[in-house]
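If you read the sequences in order, they're chains A and B. Heads up, the first sequence is in this note's numbering, so the first residue is 227 and it goes up one at a time. Heads up, the second sequence is in this note's numbering, so the first residue is 19 and it goes up one at a time.
Keep in mind that the hints were calculated from the coordinates and are not lab data. Fair warning: this is a prediction, and the values are worked out from it, not measured in the lab. One should not assume that every hint holds.
Among the chain A residues that face chain B by a calculated CB cut under 7 Å, a handful are [stated by the list, open to error]:
| no. | residue |
| --- | --- |
| 1 | 242 |
| 2 | 243 |
| 3 | 246 |
| 4 | 465 |
| 5 | 485 |
| 6 | 492 |
Using C-beta positions, here's what the derived DEER-type ranges look like [what the hints assert, rightly or not]:
| no. | chain 1 | residue 1 | chain 2 | residue 2 | range |
| --- | --- | --- | --- | --- | --- |
| 7 | B | 210 | A | 305 | 33 to 43 Å |
| 8 | A | 233 | B | 34 | 24 to 34 Å |
| 9 | B | 214 | A | 416 | 23 to 33 Å |
| 10 | B | 114 | A | 302 | 30 to 40 Å |
| 11 | A | 417 | B | 168 | 32 to 42 Å |
| 12 | A | 433 | B | 93 | 21 to 31 Å |
Beta carbons are placed, not taken as given, at the ideal position from N, Cα and C, and that holds for glycine.
Listed below, chain by chain, are the residues.
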Amino acid sequence: MAGEPINEDEALARLRDSGDPSMQYYGAWWLGRNRSQHPEAVPLLIEALQQRRPRDPGAGVEENAVARNAARALGKLAPAALAAVSELLAALADPDDGLREAAARALGELRAPEAVLPICARLAGGPAVAGARQSASPRLVEPCEALLEALGDIGAATPEVLAVIEPFTRHDWPLIRSAAARALLQLSGEPRWAEPLLTLLGDSQLQVRRAALMDLGAAGWRPAVDAISATLAENSLKLIALRGLVENGSGEPGDETLLAAMDALL
Amino acid sequence: MPVDPLITAVQQANSALELLQATAALARCGDAAAAPTLVEVLGFNNPGAAVAAVDGLIAIGGPAVEPLLRLDPRNYGARAWAVRALAGIGDVRGLDLLVEALLTDVGPSVRRAAAKGLGSLQLTAVEGDARAGIEQRCLDALVEAVSDGEWVVRYAVAVGLEGLALGSGWSDAHPCHGCTCAALSRLSDTALEETSVVRLRAALALQRLQPS
């Protein structure tokens, strides 16, 4: 069964077995989750990234499920997965926006500077084009949240990149505004981009408050420590956000203050 | 305010929001007679109300322990909240449940609460050998959990070990002191602990236990 504990050899064997997508799906997930360093992991994941299959609603399987999971796994396998950057860039141009989303996140996790220009190109239309709703689905034309977060993670703080991101701080959806403010805060370090995130910590929707917590953590914005502790959300998420302040941030408040805030949430 | 109408309000709540508000009001009264009803709320699958109930049970303290320990182990959701309440109360009667939760519970947030709780049991009223035995059980469980798969549990183990050692009065020569420091050294070692914030917290605990 797919849900039983397996080892690395079994995960690689499942990924090789192209006759059974559900086994491949699990094998790809396992290799990423366990940060496999096996020399065959990246080549097999690159191969799996080429798979294209329609959605199978009967089996509850998403479109291109194996390829999407292969992209997600590659994002967790730096530095070996740097060999997969060109294939991930190709996936970033795929017609399937779900695969583009997975590829963008992976390129962000791999901090791949080659991805900056192609990502900016996808976002260049701004909220009214890239950030418009698809006609027949609740999704946006581009996976804006993943694209914006990837730009912040990659860290190329040029005026051109900042100018592409900035309009998304006025998107209709709070989750997109949160991702844009996070990227700008990461890239510029300017306190004014923390303000929208602190406001979103008080949003009426839990989902938005959770996203703002994660974004402040990713940006390592230490002055947010008290606001994070006071947010109406699960302590588990607040702890992840505070861990982000410790590990990604610097300056004041210092480590001991942040650790005391974490201790109080256990 | 008398406690009975507050209990009735919890029992008659018709919506999630009403339950949350009635539970928060009952939790604030601090009356030990509220404990059984607050424990019942833990099983209602309403996280907001459960958080309020846990706060109320911790404020009640000792008298809340028996109703918490009487919870049906098969009611997993309620037991998870009960572990948090017992960890916060710090009553020795919760020891078995906290040890079991730290070592076997499937939920990281439950193991996390149990680890912190094992470092903050109120042992001042317990005498001599009995106290040493309890401290040894807390220490053994925490040391075992140093290899937990979740960073947040290992973080809580570092906090628990610090609290246990500072509260125990072990001398530097006591074997338990050495054992605590060895576990914390492992958690602060770059080669053995992958999560930076865990290493940082364990190093801070070591510094507090070994002032030089």
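> Any CB of chain B closer than 7 Å to the CB of residue 246 (chain A)?
Replying inline: violated (28 Å)
> Measuring from the C-beta of residue 485 (chain A) to each C-beta in chain B, is the shortest one below 7 Å?
Replying inline: holds (6 Å)
> Any CB of chain B closer than 7 Å to the CB of residue 242 (chain A)?
Replying inline: Violated, about 27 Å.
>> Looking only at beta-carbon atoms, does the pair residue 233 (chain A), residue 34 (chain B) fall within the given range of 24 to 34 Å?
In response: violated (44 Å)
>> Using the nearest Cβ pair, does residue 243 (chain A) come within less than 7 Å of chain B?
In response: For residue 243 (chain A), the interface hint is violated, since the closest Cβ of chain B sits about 27 Å away, which is over 7 Å.
> Between residue 214 (chain B) and residue 416 (chain A), is the Cβ distance one that fits in 23 to 33 Å?
Replying inline: Given range 23 to 33 Å: holds, Cβ gap about 26 Å.
> For the pair residue 210 (chain B) and residue 305 (chain A), does the Cβ-Cβ distance stay inside 33 to 43 Å?
Replying inline: Violated - the Cβ-Cβ distance for residue 210 (chain B) and residue 305 (chain A), about 22 Å, lies outside 33 to 43 Å.
> residue 433 (chain A) and residue 93 (chain B), beta-carbon distance inside 21 to 31 Å?
Replying inline: This hint holds: roughly 28 Å between Cβ atoms.
>> Let's test the interface hint: is any C-beta of chain B closer than 7 Å to that of residue 465 (chain A)?
In response: holds (6 Å)
> Measuring from beta carbon to beta carbon, are residue 417 (chain A) and residue 168 (chain B) in 32 to 42 Å?
Replying inline: With a Cβ separation near 33 Å, residue 417 (chain A) and residue 168 (chain B) satisfy 32 to 42 Å, so the hint holds.
>> residue 492 (chain A) was flagged as interface toward chain B. Is the shortest Cβ-Cβ separation under 7 Å?
In response: For residue 492 (chain A), the interface hint holds, since the closest Cβ of chain B sits about 4 Å away, which is under 7 Å.
> Is 30 to 40 Å right for how far apart the beta carbons of residue 114 (chain B) and residue 302 (chain A) are?
Replying inline: With a Cβ separation near 39 Å, residue 114 (chain B) and residue 302 (chain A) satisfy 30 to 40 Å, so the hint holds.
Hint compliance for this structure: hints 1, 2, 3, 7 and 8 are not met, and every other hint is.
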